[in-house]
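Here's the letter readout for the chains.
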Amino acid sequence: MTVIDLGGEALDEQFDRLKSDMTQYGLSWWTTDLDARARWKSDSALYGRLHALLKRGRAIRTADVYQVDVAWVDPRPVIHTEIVTKLLGECHSFVDAPRPPAFLLFGGPGSGKSSSLRPLISRPGMVAPVPLDADAVRVELPEYKDGRGSGIVQDECAFITYGELRETFLAGTPNPAGVCIDLIGDPEYSVKDWWRLDRAGYRVYALLAQCPLEQAIERIKRRAVETGRIVDLDFARKVGDRPRKALDALLDADRHGTIDLAGWSVFDTSDSAFPGAPTVVEGDGSFGSVGAAATKVAS
Amino acid sequence: MMHARELHDTTPATALEEAREALQRALLFGTDTDVREAHLRIDAALDRQAEVDRVEQAPFIDGLLAELPDPAHLVDESMIEKAAQGGVLYSELVQAFRSDPTSVGLTPQELAFASEDPRRLRALILARRDGIALHALESVVLGVEDSRQKDYALAARSDTAFTAASLEEWVAQYVSGLSAKDPDRS
Chain A
1 MTVIDLGGEA LDEQFDRLKS DMTQYGLSWW TTDLDARARW KSDSALYGRL HALLKRGRAI
61 RTADVYQVDV AWVDPRPVIH TEIVTKLLGE CHSFVDAPRP PAFLLFGGPG SGKSSSLRPL
121 ISRPGMVAPV PLDADAVRVE LPEYKDGRGS GIVQDECAFI TYGELRETFL AGTPNPAGVC
181 IDLIGDPEYS VKDWWRLDRA GYRVYALLAQ CPLEQAIERI KRRAVETGRI VDLDFARKVG
241 DRPRKALDAL LDADRHGTID LAGWSVFDTS DSAFPGAPTV VEGDGSFGSV GAAATKVAS
Chain B
300 MMHARELHDT TPATALEEAR EALQRALLFG TDTDVREAHL RIDAALDRQA EVDRVEQAPF
360 IDGLLAELPD PAHLVDESMI EKAAQGGVLY SELVQAFRSD PTSVGLTPQE LAFASEDPRR
420 LRALILARRD GIALHALESV VLGVEDSRQK DYALAARSDT AFTAASLEEW VAQYVSGLSA
480 KDPDRS
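First to last, the sequence lines map onto chains A and B. Okay, so the first sequence: first residue is 1 according to the numbering used here, each after it adds one. Okay, so the second sequence: first residue is 300 according to the numbering used here, each after it adds one.
Where hints are given, some of them may not hold.
[Said to hold, decoys possible] Partial selection, computed: residues in chain B whose CB lies under 10 Å from chain A:
| # | residue |
| --- | --- |
| 1 | LEU326 |
| 2 | ASP352 |
| 3 | GLU355 |
| 4 | GLU366 |
[To be verified] Here chain A is said to cover these stretches of chain B; the calculated rule only asks that three of the stretch's residues, wherever they fall, bring their Cβ under 8 Å from a Cβ of chain A:
| # | stretch |
| --- | --- |
| 5 | 312-318 |
| 6 | 342-351 |
Note that these hints are calculated values from the structure, not bench results. Ideal Cβ placement from N, Cα and C applies to all residues, glycine included.
Chain A on its own, in the form it takes in the complex (with noise of 0.2 Å):
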């Protein structure tokens, strides 16, 4: 990753460029990457179509190479069980408690969900590894190339984090150390999402992170430029309270008993906050009292 220090018209200007580049990555990649040589040179079917979606000027996805209707193709499913392999070897189970926790993480891009929120339960001796972690995931697949190709490798990065990670943990035994999982956030679907997870065999917190809107922009664009890691800003500004409602609607439902939240916490992680910690703005307590720094959940 590289760090800059850019700001204003100059953040701007390489986020524009990295924009087309990436555009120009998506629609060339294929064409010189030996892998997928190989593929299309020995099937003319899949190099009209691909030759095709070239001519009306559409990305092409990894998908659009090694997908056959919803099967992957060789080396796909080789390189997603050693993604998966590789992420769960990181993953130690600290916790057995009969009822591991799920953390539903909510917030809008650039809020700082990940960076702020997922330190907090990832501490060694606590709960939660985090496996379900679709940045972690991405940068294996080997078109992502430092980001330019972050756009093509998405469905399949899609795919592997919460398609196959949904197998073996939401499925089944839950996992010992429990979940964490990323979301943008949606009223009509977080209680659903709440029955979901307590079906699963986990008890569920809920944490939104929120800072101003332009913090967040700005922020989409540092880590575009830093990882190549894009956002659409347009995107990240409709979003708006969306979280927020999320996880109102979620307080609702615990509040008449219709689901028992585990815990919950709103946390401000704007650059303001204090350094290395967001701060509780809101909450029952399980994160920190409220205007304090926030600390980790207790197992």
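Given chain A, work out where chain B should sit, using these hints.
Just chain B now, with coordinates in the frame of chain A:
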């Protein structure tokens, strides 16, 4: 399902982010139908983005297209061709041939030739690699099979036989037989 109003209210990039958020939800908590619908939304968003990129990136796209072969002229690279280029092992070719003789990309004449004895695939690989015509290959192979049956059998069984002394000897004889028959090749 993508609603008409969403199409007009969002930019393609925003629609793509929303579709991918739907895919995340579907993969985590949804049904197969939810996943399919999310993929359709992604496709629709990518199509909208393509309309923009086709204009903004026109010189880049046209340059790429000019360098790529015309789809009408791209012929599938067969397994026998891959084997000739070293991309497929001889044993893999034989295995595929035994499962389905028509699957490895042989012409009808080559198929008849190899069907007599699948070990002849080894010679067909060499012929493809060196551009030797089948009729020239046939007579040489028949001669070698008659005179050096044991070495031929040993060589034909191994993936690494190209470096084995027995195969080198066999190949030398085979090549000299070809040169004698076709002076233009030497």
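Now for the hints, and whether the structure bears them out:
no., hint, in the structure
1, LEU326, "holds, 4 Å"
2, ASP352, "holds, 4 Å"
3, GLU355, "holds, 8 Å"
4, GLU366, "holds, 7 Å"
5, 312-318, "holds (count 5)"
6, 342-351, "holds (count 6)"
Consistency with the previously given hints is maintained throughout, with no hint failing.
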